[in-house]
Each structure stands twice: as structure tokens, then as C-alpha cells.
Amino acid sequence: QQPVQSPQAVILREGEDAVINCSSSKALYSVHWYRQKHGEAPVFLMILLKGGEQKGHEKISASFNEKKQQSSLYLTASQLSYSGTYFCGTYRGDSGNTPLVFGKGTRLSVIA
Amino acid sequence: GAVVSQHPSRVICKSGTSVKIECRSLDFQATTMFWYRQFPKQSLMLMATSNEGSKATYEQGVEKDKFLINHASLTLSTLTVTSAHPEDSSFYICSAYRAGGVGYTFGSGTRLTVV
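As you go down the protein sequences, you meet chains H and R in turn. For the first sequence, this note's numbering begins at 1 and goes up steadily by one. For the second sequence, this note's numbering begins at 1001 and goes up steadily by one.
These are computed hints drawn from the structure, not numbers from a lab. Remember, it's a predicted structure, so these values are computed and weren't measured experimentally. Treat each hint with caution, since some may be false.
Straight-line Cα separation of at most 25 Å, PhoX-like style, residue types lysine-lysine; simulated pairs [as the list claims (entries may be wrong)]:
1. H:Lys104 <-> R:Lys1041
2. R:Lys1064 <-> R:Lys1020
3. H:Lys37 <-> R:Lys1064
4. H:Lys37 <-> H:Lys104
5. H:Lys104 <-> H:Lys50
6. H:Lys59 <-> H:Lys26
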């Protein structure tokens, strides 16, 4: 089951904030976030594990609510380099070493 | 650590020919690798799971006789697109799971164009 991402696309001015949501219809073991720039492979941002913890990576952080089967990615004070398509991924099975299934992606454009 | 090398990065081939794409884990052993395909402006779609020393597991709708996967060692998986057609043109990406690692590591991708 493919996780559902929202919004599909967002345009920001430099310095603005954005939130990207990812939800699943099945119980989640973890949520992975990746960013992909045009013509390149996805780059790993972070993984959220059970426990509702919030992780951060520079000015990008994320939360995971396992009860709601949701994760949100927070981008604060966005920079031009944040532009790209963001994908959330969830394990098909209950643990690692099973394939990641990705959402359809959220296209983020940061303009000056 | 956890580097995955994928070659070639770009390939153009004639319709009806075969193309081999290599995916290597450089600094770790990968018993399992995954092959994805991505069409323009779409998500990554899993094609198959490649297991070292055994047959690959293909996703529904993926032709196993067309997309041959070989995982002969703990560091190398190959995807061969046989009798390629223009509709096979896509971005192919491999990824590997590293036991004890964090997340999956992706190769740099191969853009295949069939003319």
C-alpha cells in the first residue's frame, strides 16, 4: 500500500516554512524521507522510528505519530537548495530488509 | 559509509537490443538489493527484490523474462533489460539495505533511452 503524501506541490519564497504530510492505511514500523533533485537519485534525509520521536537535519525536521499512522516533514526558513521532490517511504513489511514503498512525492519549489 | 555505485549513468540503445545495468555496494555487503523504475514526474516504483544467491522476486506486472536480475555476489546486482523497446525508456535506480545501517542507500541511477 502506497503512502499518501500531501500537498502534491508547493511554492515557497526563501525563508518561508512548509509542512509535507505522509499517511498510511496500515500500521507503520518507520517512515523514511528522501529528497530528489531533477535527474538525480533520491537522497536520504532521515528515518523516523516508532515512538513519535522527532528528528532533525539542519532546518529540516520530521515527526512520526504511529497511532495516527502519519509523519510530517517540516522545512523551516527554506533555502533555494531545498527545491526538489520529497518522497516518504514505508517498509512493505514489518521491518527492514523489505522493500520501501514510496508516496507519489511532493514537489517543492523555493524561489528567491 | 554505505556507498552504492551504479553504472552506466546514461545509456542509449536501439530497439531490440539488451542493456545491462550494474549496482555495486562499495563498502558493505548487501544480501538484498532493490530495483526501482521511475518515469518522468512519477514516483519510484519497485520492480524487483534481488537476493544474493537466489532468484529475484518480481513485482506484479513486471516481466521477469524481460528484466533479468542477477545477484551473484554480496556486492553486485545486475539488471539486464532484454529486447528493449521505447516504452522501457526510464530512470532505473537500485538501492541496498545495509544491516545495522540507517535507511536505504540508492545508486545514482541509470537513464535508459531506447530509440
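Straight-line Cα separation of Lys104 (chain H) and Lys1041 (chain R) no greater than 25 Å?
holds, 9 Å
Taking 25 Å as the top limit, are the C-alpha atoms of Lys1064 (chain R) and Lys1020 (chain R) close enough?
Distance ~14 Å between Lys1064 (chain R) and Lys1020 (chain R) Cα, so the pair holds.
Would you mind confirming whether the straight-line C-alpha gap from Lys37 (chain H) to Lys104 (chain H) stays at or under 25 Å?
Roughly 15 Å separates the two Cα atoms, so the pair holds.
Is Lys104 (chain H) close enough to Lys50 (chain H), meaning Cα to Cα at most 25 Å?
holds, 23 Å
Given the hinted pair Lys59 (chain H) and Lys26 (chain H), is their alpha-carbon gap at most 25 Å?
violated, 29 Å
Do the alpha carbons of Lys37 (chain H) and Lys1064 (chain R) lie within 25 Å of each other, as the hint requires?
Measuring from Cα to Cα gives roughly 30 Å; hence the hint is violated.
Hint compliance for this structure: hints 3, 6 are not met, and every other hint is.
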